[in-house]
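K.L.:
Chains as they are written, first to last, in the working numbering: chain A, 1177 to 1840; chain B, 1177 to 1840; chain C, 1177 to 1840.
Everything labelled a hint here was simulated from the structure, so no lab data went into it. Hints may contain errors.
It does not matter which identical chain is meant; a pair holds if it fits inside one copy or across any two.
Mimicking EDC-like on lysine to aspartate or glutamate, the simulated pairs with C-alpha atoms at most 16 Å apart in a straight line are [unchecked claim]: (1) 1595 / 1807; (2) 1785 / 1761; (3) 1595 / 1455; (4) 1595 / 1457; (5) 1809 / 1840.
All values reported here derive from a predicted model rather than from experimental measurement.
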Amino acid sequence: MKATGLEFGVDWYPEQWDEGRWRHDVERMAGYGFTCVRLMEFAWTVVEPEPGRFDFSTFDRAIGLLAEAGLEAIVGTPTATPPHWLSDRPVFRTSPTGAAHSYGTRRNLCYNAPEYREASRRVVAAIAERYGGDGRVAGFQVDNEIGHEASDRCVCAHCRREWPRWLERRYGDVGRLNDAWGAAFWNTSYASFDQVPVAAIQPSTIQNPALVLDYDRFCSDSAVAFAREQTDALRAASSPGQWITTNLFPPPLSNAIDMEALTDGMDFASWDNYPVWGDQDEPLPWQFNATAQSYVRGLRGGVPFTVMEEMSGFQGHVCLGYLPPERRVALWAVQAVARGANRVVFFRWRTAPYGQEQLCYGLVDGDDEETERLRVVAETIRRAKAELSSLASVPVESPVCVAYSKDDARVLREQYLSKGLLMRVSPTVQAGYDKEAASWYAPFATLGVGADIRSVGSLDPDAYRVVSLPLYQMADPAVVDRLGRWVEAGGSLVLGYRAGARDLLDRNVEAPLPGLFAELAGVRVPRFESLNETSAALRVGAVPGRGGVWADVIEPDGAETVAVWTDRGKFYRGSPAVTVNRVGEGRVWYVGTSPSPIAMLALYRRILKAAGLRPRFAGADVEAVERRDADGKAWRLVLNHSPRRRRAYGATLEPWGWVKLPAD
Amino acid sequence: MKATGLEFGVDWYPEQWDEGRWRHDVERMAGYGFTCVRLMEFAWTVVEPEPGRFDFSTFDRAIGLLAEAGLEAIVGTPTATPPHWLSDRPVFRTSPTGAAHSYGTRRNLCYNAPEYREASRRVVAAIAERYGGDGRVAGFQVDNEIGHEASDRCVCAHCRREWPRWLERRYGDVGRLNDAWGAAFWNTSYASFDQVPVAAIQPSTIQNPALVLDYDRFCSDSAVAFAREQTDALRAASSPGQWITTNLFPPPLSNAIDMEALTDGMDFASWDNYPVWGDQDEPLPWQFNATAQSYVRGLRGGVPFTVMEEMSGFQGHVCLGYLPPERRVALWAVQAVARGANRVVFFRWRTAPYGQEQLCYGLVDGDDEETERLRVVAETIRRAKAELSSLASVPVESPVCVAYSKDDARVLREQYLSKGLLMRVSPTVQAGYDKEAASWYAPFATLGVGADIRSVGSLDPDAYRVVSLPLYQMADPAVVDRLGRWVEAGGSLVLGYRAGARDLLDRNVEAPLPGLFAELAGVRVPRFESLNETSAALRVGAVPGRGGVWADVIEPDGAETVAVWTDRGKFYRGSPAVTVNRVGEGRVWYVGTSPSPIAMLALYRRILKAAGLRPRFAGADVEAVERRDADGKAWRLVLNHSPRRRRAYGATLEPWGWVKLPAD
Amino acid sequence: MKATGLEFGVDWYPEQWDEGRWRHDVERMAGYGFTCVRLMEFAWTVVEPEPGRFDFSTFDRAIGLLAEAGLEAIVGTPTATPPHWLSDRPVFRTSPTGAAHSYGTRRNLCYNAPEYREASRRVVAAIAERYGGDGRVAGFQVDNEIGHEASDRCVCAHCRREWPRWLERRYGDVGRLNDAWGAAFWNTSYASFDQVPVAAIQPSTIQNPALVLDYDRFCSDSAVAFAREQTDALRAASSPGQWITTNLFPPPLSNAIDMEALTDGMDFASWDNYPVWGDQDEPLPWQFNATAQSYVRGLRGGVPFTVMEEMSGFQGHVCLGYLPPERRVALWAVQAVARGANRVVFFRWRTAPYGQEQLCYGLVDGDDEETERLRVVAETIRRAKAELSSLASVPVESPVCVAYSKDDARVLREQYLSKGLLMRVSPTVQAGYDKEAASWYAPFATLGVGADIRSVGSLDPDAYRVVSLPLYQMADPAVVDRLGRWVEAGGSLVLGYRAGARDLLDRNVEAPLPGLFAELAGVRVPRFESLNETSAALRVGAVPGRGGVWADVIEPDGAETVAVWTDRGKFYRGSPAVTVNRVGEGRVWYVGTSPSPIAMLALYRRILKAAGLRPRFAGADVEAVERRDADGKAWRLVLNHSPRRRRAYGATLEPWGWVKLPAD
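Produce the complete structure using the sequences and hints provided.
P.N.:
Dropping the structure here:
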């Protein structure tokens, strides 16, 4: 399996165009420097027009043309949109709101629907047979954006049937379930697994958070099993050089599906990078893109990943917003490489004239003229290949890490604690955990310190000098123990508010907060309030700032005060907001709020310096990433995320420009 | 059929009152100058207490009384509210949200429900038989506010059954549908028409915009067929002097139903005029009322129309808002006449004591005292009859026109492009197209230039000096061609952003934007952004202003710059925002944004002057309309839409006052 | 039945804890001064694990332990959460939105479900048999928070079946229903009761307000019958010393259920007091708490009531907010006593580790440490017992009263008239009536004048000097007559806007507004507007202020002007906003708006002084309540609802402190 160098590709949908245009398309792709093309992921009906009758002729011809032009194919399995012959079968999912999905859209299927699963197996088997071992096919993409558009959770009749079986496998007998969930509360015990309701959204009050958490795990397992079936079938038929991946969508932390489990057995993870989409009036801050890239990189142990859809320009389904200048679009692609991608596939070659994505513009439009966006992207490809190929496939090394907990993200979706942790995207999607996690990652990026993102389960603290651990309520004793030993040996642990507040059953711990972390942190937190969308004044050393989301009233028990509440309207004025505790050779920082950006920067700078690292602030718009090339030489990639010229690290950066410098 | 002069009427519901009060009511109506009375449109059960058993005695007596007092009756067919004997039949509609309607409200019926259609035919036949040719009945109103309260669209089982048949009639074979809709996108092709889903609102993502557009057309055709059946039955039985109409409600552009088709076969259009309703804290700007009046006037070729419900005072179902002073209410009635109505029927005689419209106040209240609003209305009727009768039935002549496209309004309802084009009225109604169209009409009104509103399909450009054409995405080549020849010969065409962006199948055009208009406009628009609810600075000549909703980055290709983007935060600062291209004897103005009111006024002034017209700004509150009387003499009606005295056109206007002056 | 002194208790859920912890819990409760413990209200499955098989052993042991420690038990009937053996039975309610409830939550049952009713009767009979006459059990709580979480209204199949029968009982024949509801409007008459739809929320337009009002009454009667069955069964089995109550939740005025009827047959009312809950960033103003306490006190004729759940600290289901300082929590408990409670039961002893109320903190946490909140509460209990026991069980005497109308509250829920009367809590709950009523109560509290709250039906005006009557649309002639005689004899009646606008069928009155009150008030109100969320300037005497919600344009007809509209933007500038009419020895104040707090205070001060009372303003944060002790001695309790020290009534009050002073 090829994992060296750097390549660029493009998404292409031959079935949407008159075949007379194919050759011209393909030759131009090659001419502009692309070397791979993703196709087929929305073409189930084309390849299987009737159940069990396969016709790969369209894609055979397309892949043939690509090969002639020196382009490799990435074959997507087409299971995100059902063929019409499933349109009247019971395969569509039901939203936890009770709303039923139907034919004509995408991601409208239930992973537990037997007829869908059977059809999925059949079509993937046929694809595996056809293209497994085909030298023209570089690899496979399993389905498309699994879990996106709220497809992580379903409460349909199939799920209703599978859910008790899942519970039975997990708990064995229903008494253990009653104990685990605390069914004594509100008299919600069960005499059989079949009595347990699915986690539909209730008209008033909520279901037991423990039920909701288990339902998320059940949904995740359903999706993972669905994907795994495809992965295994493709693996069995493919040659060693062919890789398998699946493309995620943002934001994935708050999704019910465990993306580590989903990509297990695959060669690397992929994702679809849209820093601005739909009606956004501003793109996401570049630090948030860096967070997402680092998250995807961390899913499969840090091996180089792929951006399977890199936005080209205007993007939206029903509404547009901010139009990024072409050089900004190109810079986002470079950022992906800087953060560990070694393959960037642009979405899409030519704008679709019709359908739900008429407003998702490609690199070229229907007139086939060279757009300014294509021109700039092609220029960037040339330069990136020249300057970045030597380092793109060398794994990123980071001295620090942000750790996340999938289960805590799941719990916080409905029991969000503070409106500051509520970012409602749709009735069943809320991305507050993602937003908060990103704001605990952002200061590392702003201070030019390379940072990984790992799940607490996969985290190896020994690989890092600093580990930042926000919103870790459901503390695992094994993790706490491991972190404790690592701190003892010199590590710096940054704990966020609510750390250790729950056990692995999501119960309030019986010990004083921060529970299992109390001794390590050297504090007690008997009182706290949710600040919701308000904030309260604090001071980090001499730096004034504000705390948002949450306010712990910390009582030091060995720890020193780092930041203090200064708000005149609060009874806890004068209490610490942030503390640090020296433990052995290391330090445990307890951060009892979500500091405002300036306060956060001041705090992280102090944390990093105390850990012997070298934070460097080169301007809020400047991103710097250290990388090694294949020869071990260290470089610093510096990106200017602003429309103005900047000087940083001794270099001058053009608007939306970037340079590669020897690391000092 | 009578079409001369000017008359005033009142809505009256005899079935709601003790018969002992009728004579007094009727005599007072006559005494106050009313000459017609609308009745019966919510009285199905009264006239048909059991299926097929008719009892017109109540209305016979009421109409008899009216005739005695010299009042003509307007008979409404009562099909907007079902009789109780349909309450348990499958006749109720289902909202695209999935919500089912039920008995007890209004507009709760599906036009495709067979039992409803059959009952509708039967009751209308009976009414036609009874009152067709009856000299006491001036005319008929078909149903009431068809399409209002989201009754334009239904996704019930009846529609589910009819929809494939409609598609079959339109496309013949399903392959043509697949081609037309671009079913290759997201794998949504069909093997049979029966597989095509109804356009229910989806829990996530949308249905193909082409499907939604066709579904709107299907719904429109359903409503039109329903109304046509009634029109034909009434026509067959009525005498030549009896007219037929139906009363529309605002806003109608964004409604799925084609109101030209709905009123086809009728003598004139009517509408219900509520410049302030429910919880509005301010009435609509008077220019918006002028837009609505002109729209209704244009539906049937400019013949004088009727206001079937002219508000009397407080109005709302569950909540009230701004209370208009009595003289302001009266001025709105005068405005209707100024804009082409020759019959104004006030809603309603006496306030209902009960029911859903307890808060919809009539001219008198339950105490039967003379209210101030009745006194002022009566005074206005006397004066209007004296001064305006000679011109009210002479068709309005306008030198300019705003053209709209029903299909574009339909498409923009869900695929609204910019939050600036989003004005959500209910889950299934959004009036952004109406709002934007009104703001392209408003400057004509403010500058005292008479303007028509016509659909692009019915537009005869030769009748106008200037045609303003906003939001015309789905450009018809025949229309473009016709407009081109007209411009060549001296016409002034004002194109809005997105002009020509789509073809008649709603596909993105393959040519550079503005597509078919590119040559005429002399521009290319390779880039644009949605401004949503933000705006960007621009300058129209020397006049600073702002552009909202949308920003085209125009590249002139022969055109001159008229307005330029000046916003420091935008990469397209310095690019044109508005251009003009001289074509033959005429001009094509391309307006790449929705200018703020001041900028719009500056722009339109320039456009009108260049076209040889005489824009006159007499104050933002002053409306001036030129009309001819039956002798061909030209007059100017000047209305003061302000609570303060104004001088304009040499006259002094009282607060909420009006004058009729010889036109200069 | 014990009704003397003052006692404090705590809510405790033995079934949620290992029995090994019970004795320690119970002994500590006793040690901290608690004397009663509520339990069992969410433990149906524990006491009836299978239908008809009862097992009270858990609670027998718990009650035994309590008795040993000198603690009395309060036994709650467990019917708010069904046992699992009802989980697959048709017992769950359907929200008026159409959303179905399911097992796993609370208050998810339909009062009309036969299987639920039968099971309720059986379990309550068993409890009555077991604990009726048991000297260790002080009394019973019927169910828990009946009507809370929108459980006041249901539109399920059972209700669909019962509703016509209820209508038949009310109207006898359907013609009378048609007359009463005004079914002539919109053609909504019925030929049989079975045709009448349930009051489900409609996708567009509303149902007839008269139907909605009757449906609320039907739902209320259903809940009342359900509760009454329990009350009667418990009464029959209990000893004279055992009392029966049920615990209400806020806000109850806008709830469909008539809480006077619900508590009829019980010994006193109870309620659950949470001045801050969930995501609130600030507690309710203390005046609003005083309103709620006085409302509950008034339900059963002013006898001392119980706070069955007094919040201990952090409280919320999915989100938290403001954390009250411990002394503030304790002050709220003292306020309850000041306002007439003689029993305060804290919610809850120990925080639940799991379930939907993990975030509802008790007095102690899982670590069983003495929290600061327990320490402060215990201190307050000691002091309150010492200082307040002598007066707590002496009924509160108040010189003034605010009267409310349940039917008006019901009508205003959907037909809310002004957005200022709209406070949407959930799709089916809106508490605008409560908010407005509280703002008509608040000035009495701020001015230190004791005030009752009574329904118009139970109001005895002779007991008061001033009666304030806001939002009394559906005026009862008997009430008006009685009030008239009382005014004549010296009473002061304060009427709010909309007084007398409707009759008892909710019809607009035929007389000029304020209808039946016109003569008493000496005004006519022919015009009004809804101010919604805007306001208009006015002046109360010399005090400038604003009117919100509504603006009557009053025409005095004998009354004097008290406040005048001064807003330049309003055509009614110069008209009275508030008037007073002298009638016999008394006065009728007509208040045609909802004055801003300052204007309201100025107005009430004037009203009170004119009535010979002594309003005293001691600061916006200072509450003063006059009470008599058992010996008839008058005291003034003064509470400081602020974090700062205050001087008032000659005393110095600590932050969140209180004193008991001899009344002057």
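K.L.:
For each hint, tell me whether it holds in the structure or not.
P.N.:
Hint by hint, here is what the structure shows:
no., hint, in the structure
1, 1595 / 1807, "neither (49 Å within a copy, 51 Å between copies)"
2, 1785 / 1761, "within (15 Å within a copy, 74 Å between copies)"
3, 1595 / 1455, "between (22 Å within a copy, 7 Å between copies)"
4, 1595 / 1457, "between (22 Å within a copy, 10 Å between copies)"
5, 1809 / 1840, "within (11 Å within a copy, 85 Å between copies)"
Going through the hint list in order, the structure does not satisfy hint 1, though it satisfies all others.
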